[in-house]
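Dock chain to chain to rebuild the complex, using the hints, since each chain is given by itself in its own frame.
Residue strings, one per chain:
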Amino acid sequence: MTRLRDWSRIALRRPLRKALLAAGLMLAGATSLVGIESHGQEVGQGMVRSGTVGIENETERKLFWSLICTCGCPRETLGTCTCGWAHDRRAELRAMLKEGKSVEQVQDAYSKRFGTQALAVPPSTGSNRLLYLVPLALIVAGAGFVISLLRSWSRKGGAPAPEVGPGSAPPQTKPSRDDYDDKLDDELRRLDE
Amino acid sequence: MKELERFFAEFTLPQFGTAVLAAILVAAAYTFALAIGAGTGRPRLLQAARQGAYGTIALVGVAVLTLAYAFVSHDFRIAYVAHYSDRTMSVPYLIAALWGGQDGSLLWWLFLTSLFSGGCVLWMRRRYLELQPFVIATLMAILGFFAILMVFAVNPFATSAAGAPVDGQGLNYQLRNFYMIIHPPSLYIGFTSAAVPFAFAVAALVTGRLDNEWIVAVRKWMLFSWLFLSIGNALGMLWAYEELGWGGPWAWDPVENAAFLPWLTASAYVHSTMIQERRGMLKVWNVFLICGTFFLTIFGTFLTRSGLIASVHSFAQSGIGIFFVYFMAVIAAVSIALIVYRLPKLQSEGSFESPLSREAAFLANNWGLLSLLVFIIVATTWPRISEWLLERKSTLGPTFYNQWIPPLALTVFGLMGVAPLLGWRKTSPELFKKSFVWPLITMGVVAAAHLLTGSSLLFPPFVQVDPLYENSLGHALAGMARAYPFVTVALAAFNIAVVVQEFARGIRARQRTNKGENAFEAMFHLVAKSRRRYGGYVVHVGIAVMFLGFAGRAWGVDKEVSLRPGESTEIAEYKVTYVGTRMEVDEEKRMVFADVDVERNGKPVGRISPAKYIYKATPEAPSTEVARHITAKNDLYLVIGMVSPQSKVAAFQMHVNHLISFIWIGVGILILGAIISMWPDLAFEESGAFSYVRAAGAVGTAVIFGLLLASGGSMAYAAPPRVRPPAAVAPASDGAPASDLAPASMAPSTP
Chain A
183 MTRLRDWSRI ALRRPLRKAL LAAGLMLAGA TSLVGIESHG QEVGQGMVRS GTVGIENETE
243 RKLFWSLICT CGCPRETLGT CTCGWAHDRR AELRAMLKEG KSVEQVQDAY SKRFGTQALA
303 VPPSTGSNRL LYLVPLALIV AGAGFVISLL RSWSRKGGAP APEVGPGSAP PQTKPSRDDY
363 DDKLDDELRR LDE
Chain B
127 MKELERFFAE FTLPQFGTAV LAAILVAAAY TFALAIGAGT GRPRLLQAAR QGAYGTIALV
187 GVAVLTLAYA FVSHDFRIAY VAHYSDRTMS VPYLIAALWG GQDGSLLWWL FLTSLFSGGC
247 VLWMRRRYLE LQPFVIATLM AILGFFAILM VFAVNPFATS AAGAPVDGQG LNYQLRNFYM
307 IIHPPSLYIG FTSAAVPFAF AVAALVTGRL DNEWIVAVRK WMLFSWLFLS IGNALGMLWA
367 YEELGWGGPW AWDPVENAAF LPWLTASAYV HSTMIQERRG MLKVWNVFLI CGTFFLTIFG
427 TFLTRSGLIA SVHSFAQSGI GIFFVYFMAV IAAVSIALIV YRLPKLQSEG SFESPLSREA
487 AFLANNWGLL SLLVFIIVAT TWPRISEWLL ERKSTLGPTF YNQWIPPLAL TVFGLMGVAP
547 LLGWRKTSPE LFKKSFVWPL ITMGVVAAAH LLTGSSLLFP PFVQVDPLYE NSLGHALAGM
607 ARAYPFVTVA LAAFNIAVVV QEFARGIRAR QRTNKGENAF EAMFHLVAKS RRRYGGYVVH
667 VGIAVMFLGF AGRAWGVDKE VSLRPGESTE IAEYKVTYVG TRMEVDEEKR MVFADVDVER
727 NGKPVGRISP AKYIYKATPE APSTEVARHI TAKNDLYLVI GMVSPQSKVA AFQMHVNHLI
787 SFIWIGVGIL ILGAIISMWP DLAFEESGAF SYVRAAGAVG TAVIFGLLLA SGGSMAYAAP
847 PRVRPPAAVA PASDGAPASD LAPASMAPST P
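Chains A and B are the protein sequences, given in the same order.
At the far end of the first sequence sits residue 375, using this note's numbering, and the numbering has no gaps.
At the far end of the second sequence sits residue 877, using this note's numbering, and the numbering has no gaps.
Isolated chain B (complex conformation) (with noise of 0.2 Å):
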């Protein structure tokens, strides 16, 4: 008894979350077991499965829940906390320190694959009664994964053997802004929701109940898993201009390459099922689609934690790269094996009639989209692959696929307007001239606009390019590059006006069945009515014009120059002139700031003040705060670079980023389009617990865009014109001596 009472009295946060995670493995099994036995001829034991399944996905929130409170507690036995939290740090940043670093990212990602689990249990109910059982195993397998990773590799709630540190070291502050709470979330949301859909499908396979049910189950959960790809790929993006001051959106960073990848087979998928449903063709390829997406999240994560290949994003080192191997060997092993035993029951079932069909079309969509997974993929891992077999270290920067992902992506960007003009099976020729007419005259009135005025737009159709190579690849990719930003615009014409074209055609034929509907009320309950396509429409045009803001970067103007206070200097139609340095003290950093007084075309706009924070905890890193002003044509975006504490001469690099606002209009435009697919009916048969997981969906994108747009604004801009920024200023820092002006990192760090 005694032994038991000082049992209890030394047991401690981190044995409980320790034992907690060794819990979740142990009824992860458990339920696997139970579930595996409910699908071979004991089906009294699937009940007892579900429980199971809701009893696991409790533990891993008892999990979560544990490691939230170690944080806001400030419990530094746990090593994880005391290495990315500190006593200082707000409650919003101690939760996202929860997926800061290595460990806890992997529980957070256990907790919304488990999350999912129960939400895709509870909708299926009596429902799937066959599917059921192995969809319960599949994801237990998946969560069984995890809790080993957690209790044998990297336990979040390890102590350390030098004991409990009085205070934290903290998040590292590049991620202490608003976009690591919402970032990494969404994204995660993104990957962890494809589980759903490849447990669909290995239990499809399991069973042979390869019919329209399961198809049908799929792509609603994985629209979502697509959307939240998107919301995390974009808002990634908007991270990486607003914060990192690389000038643009995406660099091609491997990590960035891994999270779009699924994207990609998501796409594909949302594409392609449409032809199994109508058509009972692809059937495999489906299944292929839905197991290659959660292998690519899988793969994605591989890449972040293994540190195989060099990225902004690598975590901390570690050994569980291999882990992931494993693992990606299991899912691919088991998704091809069950593919090639179920082939015979995998035949297509309808017929292929005409090229000019929409099959055909989504068909190519399909090659160019797994095209450009094919190209990415071999270039994301060639560091590897050159070293491993031609013996030779190599890198590549993103000049390489900003010269060979174009042609691919521009190809899949016109079929993605020519798709919706044919009809299913095949077009009529009559009506094929009939739909093409006006998107094409569209596209030529728009390219003939381009190349008349574009130059004097400062939009000039065809732009210089170096060569890449120097060879005639290297010149025929160059030449093909030149005419990007024409053929993108041109196809954006085109594309945009297939959409307005499609919406017409639907809102007139509802108009004559239904008399006195006026356009919007047509328009509405067409939408209404047939949300899947209209929604789809809109995504395509979302699509289009985060294309034209990709286009922008070839307009772009960039400059680095050195300028004393009062020197001015000229980029594109702005002229900035450097008034001065400031520096404001709060209790965590010091901020440098380079006002600059901006004027466009003449007339004066505003005073924007680019910085660098340097903070007491790391002054040899500090980081960089972009200023930019921005109007719908373009960003002048400003870095300081070294700022000299004696002659306060600044370095700053400017770029001038053209239609880059295009892009984040296009995701909000994208984000509206699926939601518009999403949203709930409440028709019969969509009732059950999914219409709430979308309807929460739906709401929780609507909020996360939201705060994306309201936020925006306010950081985009450090001031109103003319006014000095009333942030958040100690008085000591007033008056400051001008030697405090020189902290260690104005000069160039060393190496």
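Here chain A stands alone, though its shape is the one from the complex (with noise of 0.2 Å):
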């Protein structure tokens, strides 16, 4: 009973409120996704591979890799896909190739007959640079965050901690196994000395 009268107490506090808080906004989140519908396909299907891939040179080879087979076949570039489609899609590139076209002129061409799905690398054109620069602004903020973090223990540390002196047992009581470790450590750094 006690701990419910607890519960009860601890429920008018202040992180209670920021916690549900948080559990709202993610429940509210979550509903906007409801929209989702499913497309898979059967297991395996996208595993079917009976043709060939013919690639005659390496601008052949940087092209095909960097188009993506559109069949049906899941993120297959054409330079790996072996389904018939790949096949007469290569054909066609190939002879593009030798009218004299640049590899860039015949990536343009293919995305715009299939639609810029059919690129194996987004172009880094307008919003599609979202695509590397969020992830890279969310990895410069987490630097960011662990220098912080760094500063501002190491600002504890400077201030009449309780923490107890180095080379003393740390704070918590811990299991036996890493005591041995300690021991190593001062060995090795005696060793080292």
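Check each hint, because a few of them may be wrong.
Claimed, not checked - On the chain B side, residues computed to face chain A include the following (Cβ under 8 Å):
1) GLU131
2) TYR195
3) ASP379
4) ALA486
5) LEU489
6) ALA490
7) SER497
8) ARG518
9) LYS519
10) THR521
11) ALA575
12) THR579
13) LEU599
14) HIS601
15) GLY767
Said to hold, decoys possible - Some chain A residues close to chain B (C-beta under 7 Å, calculated; not the full set):
16) LEU279
17) LYS283
18) VAL285
19) PHE296
20) ALA302
21) VAL303
22) PRO304
23) ILE321
24) GLY324
25) ILE329
26) TRP335
As the list claims (entries may be wrong) - With a straight-line Cα cutoff of 30 Å, these simulated BS3-like cross-link-like pairs (lysine-lysine) come out:
27) LYS685/B - LYS244/A
28) LYS244/A - LYS519/B
29) LYS283/A - LYS552/B
30) LYS742/B - LYS280/A
31) LYS742/B - LYS774/B
What the hints contain is simulated information worked out from the structure, not anything from laboratory work.
Heads up, the beta-carbon is just placed ideally off N, CA and C, and yes, glycines get one too.
Here it is, written out as structure tokens:
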């Protein structure tokens, strides 16, 4: 019973309100995803490989690897997809290269015909840049966070903290298994002196 | 009475199975309520909750056994059984069919989760009495979710309206191989065992008992989960490499990524937990990593099952995605809410003293691993984000990842070598200098040797890389990518030197205190006494060796060529001569082999036979059988495309994959290291059920690994050199008319 009373008392404190707010926001975010419909395929369907890939030179390799086969094979490039559709596309593109078109021109023509999803790497233009800018921003923010965290810790270390001096036992009781590790560390340190 | 009799007479296996699923849901809900009761002021209910957990788990066992029985007895009334098995399949494949499709694999998932729940409840016994109720409640909530899923959406015991067919459709032939039997279970073991640490984290947060007790309890489970995620991913790579004929082991397929993500958070956790155990810091972060790992296992399942993103792994279309969305939302909401609620209690106790400390290195390592995580998550879900926000469809092929991921991965790789050289709290300048000298010298020597001799050994330090984009960013990325082989080799040398040095120092220190021990004795005792540390170092060596294997891709040679019988071609140091085709037939398939004689550096080394298997059941989808000639330096990897039935001209895809064996060797070392870390102590504190669980885990891993080694060789070579493979040949195949060699599949299939 006392625990229950504890709970009700805790419930009035601020962290709980924050917690509920966070939970509510998460659920609200989730409901916005409700519209997701599924469009899967049979297991192993994408693994059907019956034809062959013909690549005659390095220019072709570069080109084919940069284009996605849009026949329904999931996410395979023309450089690896063995379906008949990819075979026909490779023949067409080869002909275009022979006409003297550059790799970029062929890529453009291909993406005009089959849509932007036919490029293996989204072009680095406009909002497509978000693809790498967002994670890079998060990574830099993470680095900043780590640095600020280290700073705040060392500031705390500078103050007359309850922390015991280096070399003595850490503040918490810990399993004996780590004691050996500590001993070993000491030994190693002495060895190196 | 009559009615009751009739009811039992008409009670069929599918009905029984469905009833068991419903019973699981009820039992899980009931146990959940009991556990919550036990946690909120009625401690006497705890015993009932424990029994309830056992009961629920037993019911899950009954459900799995029922489905297994249905498979083995060919009960085609059940639609799932009819879809994924047929009468010709042998028992191991019938059992593997349990996880061959959507519905059954979710049941299998539930089963493994409940197995670990049972192990956890047994292990807790009279310990962690304050945490127990909430651990049980969390586990039951997870079991309950899967039970809901199965009762309301994907019942594996569902019957089809058309009634039972005479024979089933059979498991997809692409899935009928050794890896199907071991790859999904080991990955699932890694996924599902992450539920236990999550349950502990929730319990610790709810009760506010956030001291070291729970973090020590959890680390063993987390390491277990990490190990099986590693094994599962490695087996997936091996499967892709040997069976799918992609030419490589990893294609950054969304589902590969999904299985890799929890591995990253688990790896981060096994490092950052040490900071908390020793210094009382990073408490919030550790809780976050545990919750994040569990969340990502569910996210991975969601990606695979919902068909949200096109992938080779996608399961049949179904509407279960939305269930997962809600479940993930609940997990995230509960975790974040609890963490925010307990923030005051999660204050860090220790203090940071120097950036040259192991704490700082571990933090940097966590940052690196999480950076990889962020990048991969964004890239994996990008097709959907782009469509949703930018109204533009897009796809990300492996080339994108291959240029963006290495800088991050190599950063983590470098940090991996630095961290063991730094002491806790701070590193004195003298010690710092002393510990870095030898590894840096080794790295310098190896790097210089690579620069001087690399090109003549066909391992040039710098390679040609095409830019992803025709702008300065693309050229900058490609410029960095040119040096990756060089950087990888240098860092691998550094990492291995660090570990060797750590072992040497440990041995010397031990020999100094225990006079008379020789180096091997000293090493044995050293490792035995501090298994976690030295096991971890061994894992580092495994990862360094794997990185060498990944770097090998940069030197790979690919060639696509059509040959007439008798013609030959050269690729790297190999000369490949196409001899001719040959067909064999067994009950289920026709096998068309293309015999190829291989010479290496002018010396004949044997005959390998890439093949196409055309199955009677699915002639439109023949399977590709890769043939490899394996050496320590590289693999010659042959895939056959089309063979013209008249002229016998065969189209080959040839790859020379340098250092690829290093990946598998590295995985072996990694597993060894993890086993060293986990090998059960028989010390007092360790006795109890978990030592058995860990022993079973360690032995199981050893067996899987042994099987892998044993089978690897036999699968790689269809035949000993110069000898025709003694495959199971039906007599009819000899002298079969040539026209039989022209199955529909020899031409590229129509879209």
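Note to self: Hint by hint, where does the structure go against what was stated? Just the numbers, ascending.
What the structure shows: 1, 2, 11, 12, 14, 16, 17, 18, 19, 25, 29 and 30
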